[in-house]
Structure formats: C-alpha cells, structure tokens
Amino acid sequence: MKRWCVFALCWLACNAWAETETALNKVEVATDLPTLERGAETVMTVCVGCHSLKYIRFHELAKLGMAKDKVDTWRGSNTMGTAISSQMPADAALASFGKAPPDLSLMAKARVGEADYLYSYLLGYYTTPEGATGNHYFPATKMPDVLAVAGVTDPAQRAQLEQKAREVTSFLAWAADPRAQERQTLGYYVIGYLLILTTMLYFLKRRIWAKLDKA
Amino acid sequence: MTDSNVLDNADRRDFLGKATAAVGAAGVAAACWPFISSMNPSTDTLEKATTEVDLSTIPEGQMQTVAWGGKPVFVVHRTPAQIAAMKDSQGGHDPQVDAERAKDPQWLVVVGVCTHMGCIPSKNEDGWLCPCHGSVYDNSGRILHGPAPKNLAVPPVKFVSAEKIIIGEA
Amino acid sequence: MVSRVLGWIDQRFPLTPFIKHELTDYPTPRNLSYWWNFGFLAGFVLVLQIATGIFLAMYYKPDVNLAFDSVQHIMRDINYGWLLRYIHSTGASAFFVVIYVHMARTLYYASYHKPRELMWWTGQVLMLLIMATAFMGYLLPWGQMSYWGAQVITNLFGVTPFIGDKVVLWLRGDFAVGDATLTRFFALHYLFPFLICAVVVIHLVALHTVKSSNPSGISLADKDNIPFHPYFTIKDFFGLGLYLIIFCTFVFFVPGTFIEAANNIPANPLVTPPHIAPEWYFLPFYAILRAIPDMLGGVVAMALSVLIFAILPFADRTSIPGGAHYRPVYRAMFYLFIVDVLVLGYVGSQPPTGFVVPLGQVSTFIYFATFFLLPFISKWEERWMRARGLPPELMALFEKRPPRAKWPRKGEAK
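Residue numbers (the numbering used here), protein chains in the order written: chain A, 28 to 242; chain B, 1006 to 1175; chain C, 36 to 449.
What the hints contain is simulated information worked out from the structure, not anything from laboratory work.
A couple of the hints might just be wrong.
Computed list of lysine to aspartate or glutamate pairs in EDC-like fashion (alpha-carbon distance at most 20 angstroms, straight line) [to be verified]:
hint: 1; chain 1: A; residue 1: 238; chain 2: B; residue 2: 1019
hint: 2; chain 1: A; residue 1: 81; chain 2: A; residue 2: 64
hint: 3; chain 1: A; residue 1: 238; chain 2: C; residue 2: 428
Sample of chain C residues lacking proximity to chain A, with all beta carbon distances greater than 10 angstroms (derived) [said to hold, decoys possible]:
hint: 4; residue: 152
hint: 5; residue: 205
hint: 6; residue: 265
hint: 7; residue: 332
hint: 8; residue: 359
We treat Cβ as the ideally placed atom computed from N, Cα and C, and that holds for glycine.
Given the sequences, and given the hints that come with them, work out the whole structure.
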C-alpha cells in the first residue's frame, strides 16, 4: 500500500512538472468524416503551400471516404498513389524562413501535448506591442499566422477560428494515426474476449484448487 | 498434456475445463492471424496494381513490354493483316476467339509469361516462340503447339482514351 | 492414436518422461503466491517479443535513410503492422515491469540464498542481456530520442582509461552514431533474444535442481508439494489472462504511452531535443549516472548499481530464512530500497536542476548504503531476533540443522 502511494505521488509530481509554460487549451479531437473533410480542405489549400504530408497518399484520403472530386482537385495531375508534397520547393522555403517547414504527417504526435499543443499553437498567435506577430506556445516559430488569429477579439469570429483550428487538428491527428479507429474497435473485442476467458480461467482455477484439501 | 489430470472426477463431464480450453484455443488461433496476414502484400503494394501505358509511342506492327505487378506485359500494335488472320481462327489446344482476348482488335495486351514454366517468349512475325521449351503462340497470344497448356493470360485493360490504357483495371 | 504416436517417440526420445518429470508431475510448493507467476509471464513476454520482432524484421530496414520510413510503412501499410509494432514497443516496457517484479519477489523473500545463488546470477545475466537488447532496439526506429539516447550512452564508454576514444569509435563504427551503428545494433538486437533463450534454459535447469522457494522461506516437506499440472498450469494461465488484459489495454488504447513525442521526429544529428531521457526502465540507473559529477565516477557508479546485486548471496549474512517474511529489519530495508528506486526513477526523468540534484545524490547514497550495510545489519538483526525468541517453526528448523557454515578464517581448521 505504501509503495503505491509513493509511486502515485511521484507520477503526479512528474505530470505537474511537465507544464511549466503557458497552459495548453484542451481540444476534443473529432473523428467524424465531415470534420475531417473540412480539416483536409484547410490543410490541402492552406498548409500544403509550405508543408508536406509525406506519409499520406491520396489513396488514403479516398479510402477514408472523402469525396472523389475533392481528392481529384487536391491531387491535380498526380496519381492517387502519390504522397502529399508541399507546393513550395525546399530551397525557396530555406530562403524565406531559414529552415524547411516540417512535414506534418506525424506533427500531432511529435510535440508534447499532442493535439492540445497543435490546437493551442494555431490559436496562440498574438500581436506584440511593436506590431510584430508572436506565438505564445512556440516563440521562435517562423510560421506566419495562417488562420489570422492575432488581434481577433470578436467572440463569434473567435469561435469560428477555434472551429477551424479544431478541424485542422482533427485531420492532422488522423494523419498521424490513420488506423486509430480500427485499433480501438479491435481493442474492445480483444479486451472483451480476454475478460470472458480470464473469468472462465478463474473459476476453473478455483475448482481445480478446491480438490486439493479434499484429496 | 492429456486431459486425464484435469478430469479428476471422471464421472462428471468437465464442461468448464473443456469450454475454457476451447475458448482459449480459439483465442490463440485468432492471435495467429495478424502475423500471417502481415506477410500478405501491403496496401501500398496493392495500390500499385495498375500500370498506365501511352499507346501513341507504339507504331503499327511494333510491341512494347511494360511492367505490371512485377511481370512483363506485351502491348502489341497489330497490323490489319495480323488482325484479319486472327479473326477467323480459334487458336490451338486452348481454343478462344480473338475478340474475347482483344476488345479493340488493334491492341493486343497479354502477360508475357509462358504458361508452361514461366519463361518470357520472344516475339516473331507470327506471334511468339518461347525459347525454353519451344511453345509457339499466335498473334493473339494463343498457344498453337508446344508444352504450354494455356494461352498467354489477358490482364484487365481499360481504355482511358484512344491513346492511353490502364492495365490492371477493368 | 495420440498415445500410439507418443509411444513410438518414447522408445526413441524421452519425450513423455521428460514432460512428466519437468512439467506435469514436477513437485511445487503448494503455498506459492501470485508473486511466483512472474517468471512464467517473463517467458511469455520473451516469446511474444521474438514473434513480433521477427515479423517486424520482414519489413524494417536498418539503414539511416530508410529506417524511419520503414517504421511508418509498417504502421500505415502493412496488414496489422501497427499491431505488431505496438505489441513490440509495449512489450519491451512490459518485459521490464515483469522482471522488476520478479526480482523484487526474490529480494523480498531473500530467495537468492543458498542453494539458489546460481539462479540469482543467471537471472542477473538475463537482466543484463535484456537491458542491452532494449537499448539496441531503441535505436532502430531512428527517431530523435533513439539517436540522441544512443549518442549519449555510447559516449560514456569514452571514460575507459587510455583507450576510451578508440572504444567509442569501435562501438559506433563511426565518429558519431550513424549507419554503421544502426546496422550492427539491428544485427545484435536480433541475436540477443536467442542468447536470452539459452540463458533462460540454464536458469530453468538451475531452478529444477533446487526447486522453487516459497513464501514461508522454509523448505517444505514432500507432502506439501503438489504437482505443477494442473494446479500451477491453471494458475499461470489465469495470471496470464490478467496480464493480457492490462497489456492489451495499453496496446489498443494508449499505445503511445511508451513512445516519446520526440521519437516521432526523424533523427537529426544537428539538433538535440530539449531533454534527452532514456525509457522509464533505465531512469534509476540514469539518475545514478548523473548523481556523480565526475564522468568516470558516474559510469562506474551506474555499472556498479546494476552489478552489485550479485553480492547479495554473500552480503546477506543471516541464517534466518524467508527474507522479509520473518525479518522485520530486512523488510524495512526492502521497502526503503523500493521507495529509493522509485525516487531515483523520478530524479532520472527530470532535468538535473534545483532540488533534483541533491535528491538524486541522497538517493544514490541510500541505494549503495543498503548493499554495504546489509552484512552488518543482517548479522545484528539475527542476534536481536534470537535474543527476542524465534517463532516455533524457525526454532524447529534450527534444532534440526546447525547454524550456516561460515567461511573458515585464517588459521582455523576447515
């Protein structure tokens, strides 16, 4: 009992320690197709201007259920088996930003805070007193304020931007782990099966061991 | 491991023991499936199951060999004389009408793997000759004589336009 | 039909006699608690790691330009590739949970005493092999944490006197962790589990020679042993079921728990992640490494912290069996040690600033003090317990046999 208490305290302390900077805004990642489609629309029209998604092929988007004509618009003359590449060539990116914009396929997993971080980052732009744009969550970022978040105070507009950020985050969360749904569904079946089997094993164990004192 | 130790009281049918063993065995069998399935072609391999061919680069009377699913495929731009010769015959010991094999008679698309032992046949005026064991195919890819049992396989072909086909899609 | 086939085999190969003697009829103490399930669980995890590892190796590419992509290929395109990968990554952590509990059980009941010293030492060899396998395996995904963890730890070998730089160069096959390192780590990561299997066989042969210890610490009379089958086969399977429920919860619902965020970024030799930390199972040893300011001292301390377990059969000088079961002072030391290891784990996970530094140093001191003080404390405790009066079952034990033989001192006859 003592051991568990200490371990729990240690674990809590670890978690408390992790959040030393600005607290992240929590986002509920959506997994429904319409939200993912809207997120994909934003990503394919805005983000792909600079970022690639090299582990997602257009086939994947079609398989997810996105409208065929939308996918065809996004891929242009590329075949369905092509990976999503950025529209900005690497050297131009280096010239404009000083370093290549990172690939987004795994971005929803590659930062501590994961989806919450992405969501907070997209909405985290603000205008400095000097008039420049900064980001609360990644001050050194070279990425411009793509959602035009900085300076927006109107609550209705703000809500729209939050919705958009949520869509983008949800799509990127899907892109980082396209098999998540399948994995969780299979997980329910597996755990269910194991609960049944383990219960049967428990009663069988009891029955076998009961014979011990009678013998 | 025999069941006799588990069935201590032989008079009673050990339902729980048998049932648990059955449920457990089913689980073990199901657990093997992901391992076996992982060895099947992956989704990206299956996506690459089609090849596009630009027909405008193949002059009349010529053949182009393209790769489809790791195998060679012959794309033949047949001359009117060849088409006429093939129209009326049924081939050899695997009879088949030419119209079934080439939807558009001008273009014959067949898998370039001999149905005998898998060598790649060589093209000649009248069709193909397989150098390995001498199987002879006509200009419709049908086996005429030799040890090969069947005609050259016809893959699904889709005409996207008059100048472009997709092999692998119907 | 089956019995006819078995009969045919038995005339040529001792199959049935072997199974009966070592498995089915094998005498096992009837009072074994669930803490004795963990050896079997460790064997199961080993088999599962090997199975998933082999199938992963069918698609993984040990080349710096291809490794990270091949892992993504496995995760996204290979049928059930994500499942194989997550079982393997979760299984590595599960392996350490299981063997740490298995070791803790042995420490608690002081089962490392005579005649089980070889079991303890073969177990220690197994732990070293598993640690090496895990360390090499962690490089394979070629993520940021993979690369920098390997870079830091291979760097440590540079403390070897005189030839330190040459050793590091030899280990890596290059000036920094690179393609040569990755390929050789893959080759060895594939090999080591089979070495582990061989040492497991030795471990089990030793076990079957001396038989299992039990929670009372006293060798049981023959009548108190029961056949392994069906009593412990069913108990092991039931324990396995419980284990799998917890394991599968991680694999299917929170598989990313054991994958550091930074490892989702391909390795970049020019950019270091904000904190470099090893996987959780190495954190206590990492804390000890950092607790000593001098690099050579830190490496020696870290190596010693793993190897020092070997002295326990000699350091624990009591003749009272059963470990913490009968010995209150030993029990307190055990719990203190466990808490200390957890504190060290916490220290290892934090950047070495502020109060974490002295906390790590105090915890390291306590860690080693436990081993160095044990010879004196165990002897004092025995005197104290005998003076108080031992419980009847222990008194009976000592009436039957004389106190533990001491090593003969100089001048004394043997």
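Hints and how they fare:
no., hint, in the structure
1, A/238 - B/1019, "holds (14 angstroms)"
2, A/81 - A/64, "holds (18 angstroms)"
3, A/238 - C/428, "violated (27 angstroms)"
4, 152, "holds (27 angstroms)"
5, 205, "holds (33 angstroms)"
6, 265, "violated (5 angstroms)"
7, 332, "holds (26 angstroms)"
8, 359, "holds (13 angstroms)"
Checked against the numbered hints above, the structure violates hints 3, 6; every other hint is satisfied.
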